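Take UniProt numbering: the final residue in the sequence shown is number 333, and no numbers are missing along the way.
Be careful, since some hints might not be right.
Keeping only pairs whose Cα atoms sit at most 25 angstroms apart, straight-line, the calculated BS3-like set for lysine-lysine is [what the hints assert, rightly or not]: (1) Lys-194 with Lys-178; (2) Lys-47 with Lys-101; (3) Lys-47 with Lys-185; (4) Lys-308 with Lys-194; (5) Lys-47 with Lys-97; (6) Lys-194 with Lys-303; (7) Lys-131 with Lys-97; (8) Lys-131 with Lys-178.
Calculated directly from the structure, the hints in this document are not laboratory data.
From a predicted model like this one, the values you see are computed outputs, not experimental measurements.
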Amino acid sequence: MHDREQIMSEIQGETKDQVPVTVLTGFLGAGKTTLLNHILTAEHGRKYAVVINEFGELGVDNDLVVDADEEVFEMNNGCICCTVRGDLIRILGSLMKRRAKFDGIIVETTGLADPAPVAQTFFVDENVREKTRLDAVVTVVDAYNVLQTLEESSEAVHQIAFADVIILNKTDLVDEAKLAEIEAKIRQINAYVKIHPAVRSNVALTDVLDQGGFDLQRALEYEPDFLENTEHSHEEGVTSMSFPVSEPINEARFHAWISALLQEQGGDILRSKGILNFAGHDDRYAFQAVHMMADGDFIGPWKQGEKKESRLVFIGRNLNRPRLRRGFESCRA
């Protein structure tokens, strides 16, 4: 886990100064551009810097952006995810020089993108990590086509697996029974994601922005029972599982275990995150990883009346529930 001590000490107490970054992803035609336009024109009294790419569909029409008093940064050589991370790091760096002009940053990825490289950027580069924080990955899903798309495309599965928030768009084109089927399918891949049904991407901005990235508590309120039954997952399927531990966790032991696990299985573990109660610390520790890249820090005290329980979530392929549970439980102080 790269420069862990430094990461840990670096951001403690600084999160208020960090700019929240929303990564917006979703398949071509799902309604990302509509959602972006909605964010840029809505009356919310905030300003967003938008990083879009000129690959495939044009992200947003420039007149609109100018009207909305925003700044747009185009990627030069195609899609964000296909270019070197350096491009995004460079753009974020130049944006931070104008920090006073905006409240948040939105990075819009192209239709066929795997959000992993974009999400990892916020763990990798020291300057980026110091000045920004990944607030949420928001995936726009087209309810009318999603079941077929998931059958045909592993990228679509990844976009759902990486999401903190899903905007389930075009719900006017499907009936109740179909909606229930879609929701069950999404939860099979990512049980802890927040799902907001929408028509023409018209959702409350509070559902998309300022999600507090690390606030697992809300996501974990779902906890569907079928996750305990792993039999539905065929070999290639992406599934999610969550593990609670009620006793305090030994910090050094946890880091040693999770580092080894991600080195060995990071290719299959698309995303992992957790809120941890480390022995000897009063504050909650928030951990998250994308594949093998991990990051974490203390995020303030436990809320009053909140159960001091450590909980870890894994989303990926070939997850071995008993082995993961045993590993996590062996980190108890």
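List of violated hint numbers, smallest to largest: Of the numbered hints given earlier, those the structure breaks are 3, 8, listed in rising order.
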